[in-house]
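Residue numbers (this note's numbering), protein chains in the order written: chain A, 7 to 164; chain B, 2 to 89; chain C, 44 to 123.
Hints are computed from structural coordinates only; laboratory data are not their basis. Worth double-checking, as some hints may not be accurate.
[Claimed, not checked] In the DSSO-like style, the derived pairs of lysine-lysine whose C-alpha atoms are separated by at most 27 Å in a straight line are: (1) A:Lys73 with C:Lys122; (2) A:Lys73 with A:Lys164; (3) A:Lys164 with C:Lys70; (4) C:Lys122 with A:Lys66; (5) C:Lys122 with A:Lys164; (6) A:Lys66 with A:Lys161; (7) C:Lys70 with B:Lys4; (8) C:Lys122 with A:Lys161; (9) A:Lys161 with C:Lys70; (10) A:Lys66 with A:Lys162.
[What the hints assert, rightly or not] Below, a sample of chain C positions facing chain A; criterion: calculated Cβ distance under 7 Å: (11) Ala101; (12) Gly104; (13) Ile105; (14) Ala112; (15) Ile113; (16) Arg119; (17) Ala120.
Positions of the beta carbon are idealized from the N, C-alpha and C atoms, including for glycine.
So you can see what is in the structure, the chains are spelled out below.
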Amino acid sequence: MKEEMSRIVRTMTTLIYVFIMVYGFYVIAHGHLTPGGGFQGGSVVASAFALLVVTYGNQKTQDFLQKDLLSLLESTGLVIFICFAFFGLGATFFYNFLSNSGSLFGSSATIGVNPGNLNTGGTVTAMNIAVGIEVLAALGVIVLTMSQASETIEKKEK
Amino acid sequence: MKKSVFGFAFLFFVAFLLLSAFGMRPFGEPSFSEMDDYYIENAQAETGANNVVTTIVFDYRGFDTLGEATVLFTAVVGIVALFREVAK
Amino acid sequence: MSSWLSFAHIVVLVVMLIAAFLAVVLKDLLPSVIALAAASLLLSLEFYLLHAPDVAIAEAGIGAALTMAIFIFAIRATKK
Chain A
7 MKEEMSRIVR TMTTLIYVFI MVYGFYVIAH GHLTPGGGFQ GGSVVASAFA LLVVTYGNQK
67 TQDFLQKDLL SLLESTGLVI FICFAFFGLG ATFFYNFLSN SGSLFGSSAT IGVNPGNLNT
127 GGTVTAMNIA VGIEVLAALG VIVLTMSQAS ETIEKKEK
Chain B
2 MKKSVFGFAF LFFVAFLLLS AFGMRPFGEP SFSEMDDYYI ENAQAETGAN NVVTTIVFDY
62 RGFDTLGEAT VLFTAVVGIV ALFREVAK
Chain C
44 MSSWLSFAHI VVLVVMLIAA FLAVVLKDLL PSVIALAAAS LLLSLEFYLL HAPDVAIAEA
104 GIGAALTMAI FIFAIRATKK
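Working from the sequences, and respecting the hints, build out all of it.
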């Protein structure tokens, strides 16, 4: 894993990984309308990170994907999630105080089968985004740490 | 002796699973469905989101998602602590 | 329509069982991990056939991609 892979694999990766990431962010942002959600979209984005690490090696990937930044992002996502849970504490923990209120994410949905409006869902949408950030950062940190440890151990054995 | 005990337990378990599999209800027809009916009828009006599954995961059953996020966070903390010497 | 669907269920489940059996039986670690990833991908297809696309996306992302990458990193590190 310390050398990068062949030219074919590198070209295909540079072509594909942007689309995988955009699909993951689409799944996160449309979690309240289409199948998927924060966890699924975050895992898709993290699989794009894994593709980058496998193709380019750990050293080159960490030039533009800092592990400390991802670690910070993970804690931020979790804190945002818990904050949105606590904001509803006027009624109950995890109360959906934003839905049908007319503010951000607060339009009321049309009842029945319809394509949907992105500005609905209340705290469901906000929590989707928070959990998506948390999951993509957590799985990215796991992949980067494991690959770095694998590379270091392999170098030490030689 | 020990192997025969394990084999007997395995056979008992398989027989139990098969017995319960033949006694199962048909797919998509649970015995109690009051909660499901409530979710299907009211989730869209109450939360405004079209995807009822996400509504249940993030709104009605929010504690479950909080636990899941905590598990993931704990896993990351464990991995970073385990490789703190190797991956500097 | 329904018979085609049950035929697809049977094919996917049988191939998944074969892949899982190969993952246990194979002596070499790398083919075993690849068989495990194939079983995971077929499980995701089965979830999709059972009308659970949420679980299918999660299974394809975590089970097939990330688990396989992490297993391969571990194999690289532990090989002598």
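Here's how the hints hold up against the structure:
1. About 26 Å separates the Cα atoms of Lys73 of chain A and Lys122 of chain C, which keeps this hinted pair within 27 Å; it holds.
2. At roughly 26 Å between alpha-carbon atoms, Lys73 of chain A and Lys164 of chain A fall within 27 Å of each other, so this suggested pair holds.
3. For the suggested pair Lys164 of chain A and Lys70 of chain C, the alpha carbons sit about 25 Å apart, so the restraint of at most 27 Å is met.
4. At most 27 Å may separate the alpha-carbon atoms for a hinted pair to count; Lys122 of chain C and Lys66 of chain A meet this at roughly 23 Å.
5. The straight-line distance between the Cα atoms of Lys122 of chain C and Lys164 of chain A is roughly 11 Å, inside the 27 Å bound, and the hint therefore holds.
6. Our distance criterion of 27 Å between C-alpha atoms is met by Lys66 of chain A and Lys161 of chain A, whose separation comes to about 16 Å.
7. For the given pair, Lys70 of chain C sits about 24 Å from Lys4 of chain B by alpha-carbon distance, which is consistent with the 27 Å threshold.
8. Distance restraint check for Lys122 of chain C and Lys161 of chain A: the Cα-Cα separation of roughly 12 Å lies within the 27 Å cut-off, and the hinted pair is therefore satisfied.
9. Between Lys161 of chain A and Lys70 of chain C the CA atoms are separated by roughly 26 Å; this keeps the pair inside 27 Å, and the hint holds.
10. Pair hint Lys66 of chain A plus Lys162 of chain A holds up; C-alpha atoms about 19 Å apart against a cutoff of 27 Å.
11. Because the beta carbon of Ala101 of chain C sits about 5 Å from the nearest beta carbon in chain A, less than 7 Å, this interface hint is met.
12. With 7 Å as the threshold, the beta carbon of Gly104 of chain C comes within range of chain A, its nearest partner Cβ sitting at about 3 Å, so the hint holds.
13. Annotation: Ile105 of chain C was flagged as interfacial toward chain A, and the flag holds, the nearest CB pair being 5 Å apart, inside 7 Å.
14. Proximity of Ala112 of chain C to chain A holds as hinted, the smallest CB-CB distance being about 4 Å (cut-off 7 Å).
15. A hinted interface residue such as Ile113 of chain C counts as satisfied when its beta carbon comes closer than 7 Å to some beta carbon of chain A; here the least separation is about 5 Å, so the hint holds.
16. Annotation: Arg119 of chain C was flagged as interfacial toward chain A, and the flag holds, the nearest CB pair being 5 Å apart, inside 7 Å.
17. Taking 7 Å as the C-beta contact cut-off toward chain A, the hint placing Ala120 of chain C at the interface holds, the least distance being around 4 Å.
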